[in-house]
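Participant: Spelled out from the first residue to the last, the chains are:
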Amino acid sequence: MARVEVQNVSLTFGVHKAVDDVSIAFEDGGFYALLGPSGSGKTTLLRMIAGFEFPDTGSIRIDGEAVENVPVNKRRIGMVFQNYALFPNMSVADNVAFGLEVRGEKGETLRREVADALDLVQLGALAKRRPHQLSGGQRQRVALARAIVTKPRVLLLDEPLSALDKALRTDMQVELKRIQREVGVTTIFVTHDQEEALSISDRIGILKDGRIVQEGAPEEIYDRPASEFAATFLGEANILSGTAENGRLRLDNGLAIDLPPEGGTVAGDFRCAIRPERVHLSALPDAATAGGQLQGVVKRRSFSGSLSTYVVDCGGKEIKSVVQRGGGTAIEIGRPVELRWNRDDLVMLPAA
Amino acid sequence: MIRAPAFLSGLGRFYIGLVLVFLYLPLVIMAAMSFNVSPFYQLPFEWTTEWYVALSDNDGLIAATLNSLEIAVMTTIIATILGTAASLALFRYDFAGKRVLQALLFPPIAIPWLISGTAMLIFFFGTGVGRGLHAILLGHVALALPYVIIVVSARLATFSKDLEDAAYSLGASAWQTTRKVTLPCIAPGIVAGGLFAFAVSFDQFVVSYFLATPGQTTLPVEIYAAIRKGFTPEINAVSTIIIVFSMSLMFVVSRFFRFGGDQ
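In order, the protein sequences belong to chains C and B. Per UniProt numbering, the first sequence starts with residue 1, numbered consecutively. Per UniProt numbering, the second sequence starts with residue 1, numbered consecutively.
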């Protein structure tokens, strides 16, 4: 168990900068998600921490020890692969025992550690099976047991749940979290699934084009995205762009809204973001009784179980609002509405 | 599997039966005649083992058989080890000239053995390697190598590099990874490659004929020489033994490694 520190790390493949001057620290025992679209460099960063790739420049420290030139098999890490990578020629127990055997462990100690690891992932009963006799979720658990039985300093997971169907994935997220808590190992989890990153990790690092664009606790990143990319990649956001002046933002379509209190001093081209669930709607008898931050007309409506999503046309600008479906009746399409939100929920974004 | 219409399946069975008859009938007749008294394939069939007794006294044929087996086994071992190592290198690493090397591996299979044999004879003569069993072994290994590499590489193409990465991540050395993960996973390919190497060598006539010397010869060359002198039923006897041996070998290997199936 250890702290992992990545400092000014870059790696170029040919002309493509896969990872570009990344610095990030993973605290001891933390559960981190590296989140980004494909090609953002998240897997390359993970493979450098593992020791499969070596940075052109920069340093990687595990537990204070510089490891950027240490090969993977000397780094004492555990890794779970996207396709599980279980050894097809070995039983479940032999797969789990592999990492201990290559270290020279044998006999009773080895058997007990393997049994404990399989119990931890609740697969003790299947020790003698072959990987091809297991379901996807069971293979995932074996891969996890195999990775943690060697007591690695850091556990690295490369999109480990992406091959599972949705229901199973949610179960495994809970399970993974439980096991990580129980073992207490520093865990770095690569995913492109933002919901997964939000629900599973203590902290999230968002990557784009080989750089970390934001790093923080899930709520912090969700509530206070530092860029338009972070705002739109992690969850949905309405982006409002216009010209700021005297604490108000004049949108490109001529309408104006109040900026949050700290926006009093900004001027010129400016962008704000607001989450759809922070936009509250109420129907107006007619367009004349104006109120709220903005007014508009309901253009589209869709519902997904407990939530309804409205798209409101505000003078040509579409704004999304997500509301909990309560007992009240839905607002029909074509109906004039007013949009309200708390000024503090409006997030100011740096100039693009 | 899609069930074939009845008339097609009947026709299919007839066709397969015909193929099997053409393949096996000559062999069955040969085996039967090795136990027939008449040396001229005359009927009625009269049981005898005199040709096998005669064979046991034919030192030339027995020596050639042992030579053939020895060379085939050594070719199998050498070509399988070299070929598997080469396949692993081609699979794992990128290096300068890799594509050229891969492209150069295939043509020898298409070059007629007659030409390879002539070229080897000239080359071995010129370089002082000369002729004899050692030259035959060198030639057979060279002929067998591309087959092993192609078969083992085909197997490696279905092998996920992630498995090796997983082994490394668990602390295994390169050798431990190769021995405990890679080789067991590609074992059916290695065995198949070895069988090819064995067959290329054991069945080899043309190249052996060029490189053999009197006294240092292989079974096919010896049988050819014997037939030229005059056919004797001892040839049937030795051939029958070889057929039984080869078929048992194939049977055992295919039982241990179910080819095609993934496990």
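Read the hints as simulated data drawn from the structure, not as lab findings. One or more hints might be untrue.
Once the Cα atoms are required to be at most 20 Å apart in a straight line, the calculated EDC-like pairs of lysine to aspartate or glutamate come out as [stated by the list, open to error]:
(1) B:K180 x C:D94
(2) C:K17 x C:D269
(3) C:K17 x C:D63
(4) C:K74 x B:D162
(5) C:K74 x B:E46
(6) C:K317 x C:D269
(7) C:K177 x C:E195
(8) B:K161 x C:E195
(9) C:K74 x C:D119
(10) C:K320 x C:D209
(11) B:K180 x C:E101
(12) C:K208 x C:E228
(13) C:K320 x C:D223
(14) C:K299 x C:D258
(15) B:K180 x C:E105
(16) C:K320 x C:D258
(17) C:K151 x B:D165
(18) B:K161 x C:D269
(19) C:K17 x C:D28
(20) C:K208 x C:E159
(21) C:K151 x C:E65
(22) C:K74 x C:E5
(23) C:K17 x C:E68
(24) C:K151 x C:E228
(25) C:K74 x C:E108
(26) C:K320 x C:E332
(27) C:K74 x B:D203
Participant: Would you pick out the hints that fail for this structure and give their numbers low to high?
Facilitator: Checked against the structure, the hints that fail are numbers 2, 3, 5, 8, 9, 10, 14, 18, 19, 24, 25, 27, while the rest are satisfied.
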